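Visitor: As they're listed, the protein sequences go chains A and B. One rule links them: number in this note's numbering = place in the first sequence (from 1) + 4. One rule links them: number in this note's numbering = place in the second sequence (from 1) + 1.
Think of the hints as simulated: they come from the structure by calculation, not from any bench. All values reported here derive from a predicted model rather than from experimental measurement. For each residue, glycine too, the CB sits at the ideal point set by N, CA and C. One thing to keep in mind: the hints can contain errors.
Unchecked claim - Computed, partial: chain A to chain B, Cβ under 8 angstroms:
1. N59
2. R62
3. S79
4. A130
5. S134
6. A135
7. S526
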Amino acid sequence: MKRLKATDIVVIGSGWSGLVMAKEAATRTALNVVVLERGPSRSVGDYAGGMDEINNRRVGLVQNPADQTITHRHSMKDPAAPIRQYGAFKPGTGTGGTSEHWGGISDRYLPEFFVLATHLREKFGASRMSADWAVQDWGLTYDEFENYYWRAEQLMGISGKAGNLRGKRVDGGNIFEGPRQHEYPTPPLPATYTMGFFHKAALQLGYHPYPLPAANLSQPYTNPDNIGRPACAFCGYCPSYGCMIGAKAQPTNTLVPVLSGRNNFELRNNCWVRKIVHQNGRAEGVVYMDEKGEETMQPAEVVVLSAWTPNSVRLLLLSDIGERYDPATGKGTLGKNLTHQVTSGGEGMLVFKEPLNLFMGSGAVGYGFADFDGDLREESPEKILRGGLFLRGAATGEGPVGSFGRVPKGAAPRNWGSEWKKAAIQHWDRIGPGVEMRGEHFAYKQNFMDLDPVYTDKWGDPLLRMTLDWTDYEMRQMAFGARIGTQLMETIAQVSGASLVRSERSRMGDGAFHHYNAGSYSTTHIQGGAIMGSSPETSVVNPWLQHWGMPNLFVVGSSSFPQNSSSNPTLTIVAVSHRAADGLIDQYLKKPGPLA
Amino acid sequence: MKRRDFILVPAKVLGGALLSSLAGELIPVEAIAAAQTMVKAPLRFFTAEEARVIQAACARIFPSDESGPGATEAGVVIYIDRQLASPYGKDKYRYTKGPWISSVPEHGYQGKETPQESYRAGIPLLGGDFPGLAPEQQDARLEGVEKTRFFELLHIHTVEGMFCDPMHGGNAGLAGWRLIGFPGPVMSYRDKVQKYYGKAYRPAPRSLEEILRYPVQPVEDEAG
Numbered sequence: 005m006k007r008l009k010a011t012d013i014v015v016i017g018s019g020w021s022g023l024v025m026a027k028e029a030a031t032r033t034a035l036n037v038v039v040l041e042r043g044p045s046r047s048v049g050d051y052a053g054g055m056d057e058i059n060n061r062r063v064g065l066v067q068n069p070a071d072q073t074i075t076h077r078h079s080m081k082d083p084a085a086p087i088r089q090y091g092a093f094k095p096g097t098g099t100g101g102t103s104e105h106w107g108g109i110s111d112r113y114l115p116e117f118f119v120l121a122t123h124l125r126e127k128f129g130a131s132r133m134s135a136d137w138a139v140q141d142w143g144l145t146y147d148e149f150e151n152y153y154w155r156a157e158q159l160m161g162i163s164g165k166a167g168n169l170r171g172k173r174v175d176g177g178n179i180f181e182g183p184r185q186h187e188y189p190t191p192p193l194p195a196t197y198t199m200g201f202f203h204k205a206a207l208q209l210g211y212h213p214y215p216l217p218a219a220n221l222s223q224p225y226t227n228p229d230n231i232g233r234p235a236c237a238f239c240g241y242c243p244s245y246g247c248m249i250g251a252k253a254q255p256t257n258t259l260v261p262v263l264s265g266r267n268n269f270e271l272r273n274n275c276w277v278r279k280i281v282h283q284n285g286r287a288e289g290v291v292y293m294d295e296k297g298e299e300t301m302q303p304a305e306v307v308v309l310s311a312w313t314p315n316s317v318r319l320l321l322l323s324d325i326g327e328r329y330d331p332a333t334g335k336g337t338l339g340k341n342l343t344h345q346v347t348s349g350g351e352g353m354l355v356f357k358e359p360l361n362l363f364m365g366s367g368a369v370g371y372g373f374a375d376f377d378g379d380l381r382e383e384s385p386e387k388i389l390r391g392g393l394f395l396r397g398a399a400t401g402e403g404p405v406g407s408f409g410r411v412p413k414g415a416a417p418r419n420w421g422s423e424w425k426k427a428a429i430q431h432w433d434r435i436g437p438g439v440e441m442r443g444e445h446f447a448y449k450q451n452f453m454d455l456d457p458v459y460t461d462k463w464g465d466p467l468l469r470m471t472l473d474w475t476d477y478e479m480r481q482m483a484f485g486a487r488i489g490t491q492l493m494e495t496i497a498q499v500s501g502a503s504l505v506r507s508e509r510s511r512m513g514d515g516a517f518h519h520y521n522a523g524s525y526s527t528t529h530i531q532g533g534a535i536m537g538s539s540p541e542t543s544v545v546n547p548w549l550q551h552w553g554m555p556n557l558f559v560v561g562s563s564s565f566p567q568n569s570s571s572n573p574t575l576t577i578v579a580v581s582h583r584a585a586d587g588l589i590d591q592y593l594k595k596p597g598p599l600a
Numbered sequence: 002m003k004r005r006d007f008i009l010v011p012a013k014v015l016g017g018a019l020l021s022s023l024a025g026e027l028i029p030v031e032a033i034a035a036a037q038t039m040v041k042a043p044l045r046f047f048t049a050e051e052a053r054v055i056q057a058a059c060a061r062i063f064p065s066d067e068s069g070p071g072a073t074e075a076g077v078v079i080y081i082d083r084q085l086a087s088p089y090g091k092d093k094y095r096y097t098k099g100p101w102i103s104s105v106p107e108h109g110y111q112g113k114e115t116p117q118e119s120y121r122a123g124i125p126l127l128g129g130d131f132p133g134l135a136p137e138q139q140d141a142r143l144e145g146v147e148k149t150r151f152f153e154l155l156h157i158h159t160v161e162g163m164f165c166d167p168m169h170g171g172n173a174g175l176a177g178w179r180l181i182g183f184p185g186p187v188m189s190y191r192d193k194v195q196k197y198y199g200k201a202y203r204p205a206p207r208s209l210e211e212i213l214r215y216p217v218q219p220v221e222d223e224a225g
């Protein structure tokens, strides 16, 4: 094995978490920082040539499942199968990781979400809580965290409108959000045509729509690092794509420009980390396969593990760091609290008479309303405790390959042939955006990650195995989302003159999936497995994301979130990474040892 | 390539992308210049007979009719041939380690067949006589295979071949984009978003290469 000269800090993964840690450490200290990235080098200049649906479908910016995938089973009684082509999520690879091809929606989490276990107990009582819930507090509060949100929002230049400014309600913003000290760095994105109907319909039903906070800039913006980016051009090649002009905040257009050229920073691409080497509770460095396939040891004083959530958890398992979670006994912490955001939404198709120009779009443009987010203000027929965020009314940009062929029920006898072709041409660009719901996913004792005993990656290392299924509670959350979402779509039809065409294939009805579906896309928001908390008995890392049993190892990212939020995670990931960086730089480096 | 099979396609299918990406290969360029309607296109994966079956099948899925040009004019068979010859056709983007098990639908496609193998299994089901059958007979044969992996791929690939960027061999002459009014990968709609509220924005479509003014490598041309 090749053994390299020791460095001060080695970072595994170059997504938001890894490069925020690297940027803070490399600019605020004189220490040497090496970032190891499994995928190829990428920069803003590569993305214009990426505006192609086929290239994006085949390879795109995602990890190649041929090299490594994950396995899944619904329960410990079922056999796990490898997910042979990515379905439910799209983990990225290359410089910037998944953070390059995200959509850009940047809501904050609700204040009580940070202390959710305490909150649920106090608000609803033990009798309303399911025995298999494993909901936990984060070990930090929204108030302690607020300024980290602000730092993340400034880094990315989030475009939005505050709804709760220092406790004062501001109409037009999200009045149900936690108090913020600052207005957003840039105003909301301009509205696309169909958004007007969503807005009008939501107001008519008494809701409080607000423009979704977007990492896709509404106007040119220069951040505190003096990095300037242009306004979003609505080109429509956004989620799943990298931004060709840098309007959508990505690590390659915010963090890499600060880091490149610094002589205490090095980004090594095509380096596949297989193990964190450790002895006596201290990480000594990492072993990786370099671009030529040579096994290489990079010793370091501090290791930052910040891969995509399941990959971070897998590396801890492969490196034998921490006690593995055993659902039978409840002992161990590594791998527990696996969650995946619950998604639902309105049913049917909004068929417009006029063309909508849906190929003009942006990853985070749209309205949301949070009237049902957090605790429901009145008991719902579905008997759930907390609702979810409802959003959209806009397209993120529809390419012709992905959008052609959708026709309302009854328009064609089958999905091929002359009649279908004619109907599909007539309806192309006339099926309006629907209504989505994003709901919290509580942690369950039975949902966890461990190593698969059968399947291996291209190096022969065991794959990560997810044991995960929906319970009746999540099915009721989805039914709630379908009911509220469909009601809004009916109102959108009324105010817009579109017709809402329902199909017999209902989200909740016969033929729908009643189990967790790893085969079709929902979101990439997999969380947990190396969660933070206030005690080593119940969590893997402390609230500074420092490993409880290994003080020179920081595990940074949404692997640390004890349960899954209704808001999308990226903003919170960027915020929590800044906090981990403060813990490392302001405390650990001055006095190495446990921070909590 | 050892074998060199050809299929007859409309001349415009060979315009632009195919000529540049297959430069050096035997293509009757003069034939295009002479505006000959049908020309021979070299095949990368299919035999000539297989290509004729697929071309005829695509023409039933996306016919040329009174609502506009279809799969034949767009060169969909060329698109599919190139995709199948590429790393994708050999499943280089899929986890292919065993053991192979049949699992629940929530785990997605678990079959061992590569896209190449799905086509090689499906084409005989349509039959070598497929191109010469009457349309109703062809539809009946297609209905007979509707539940197969082959048909699932054929359907997806036909839509892809109709509406892909022409660098991939389909959407020849931007026939698919013209059919629906998709403008192509336009870099900015910033000044159009609100100006065209409820009104069609349908400029003459342009390909990625025409917009960028430099060629982009289609993924199927990468070594694998």
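Visitor: For the restraint on N59 of chain A, tell me whether the closest CB of chain B is nearer than 8 angstroms.
Guide: 5 angstroms, holds
Visitor: If you take the shortest Cβ to Cβ gap from S79 of chain A to chain B, is it below 8 angstroms?
Guide: 11 angstroms, violated
Visitor: Taking 8 angstroms as the limit, does the beta-carbon of S526 of chain A come near enough to a beta-carbon in chain B?
Guide: It is violated, given that the least Cβ distance between S526 of chain A and chain B is near 12 angstroms, above 8 angstroms.
Visitor: Min Cβ distance, A130 of chain A to chain B: is it shorter than 8 angstroms?
Guide: Because about 32 angstroms separates A130 of chain A from the closest Cβ in chain B, which is outside the 8 angstroms limit, the hint is violated.
Visitor: Please check whether S134 of chain A passes as an interface residue: C-beta within 8 angstroms of a C-beta belonging to chain B.
Guide: 22 angstroms, violated
Visitor: Hold the hint about R62 of chain A up to the distance rule: shortest CB distance to chain B must be less than 8 angstroms.
Guide: 5 angstroms, holds
Visitor: Given A135 of chain A was flagged as interface, is its beta-carbon under 8 angstroms from a beta-carbon of chain B?
Guide: 25 angstroms, violated
Hint compliance for this structure: hints 3, 4, 5, 6, 7 are not met, and every other hint is.
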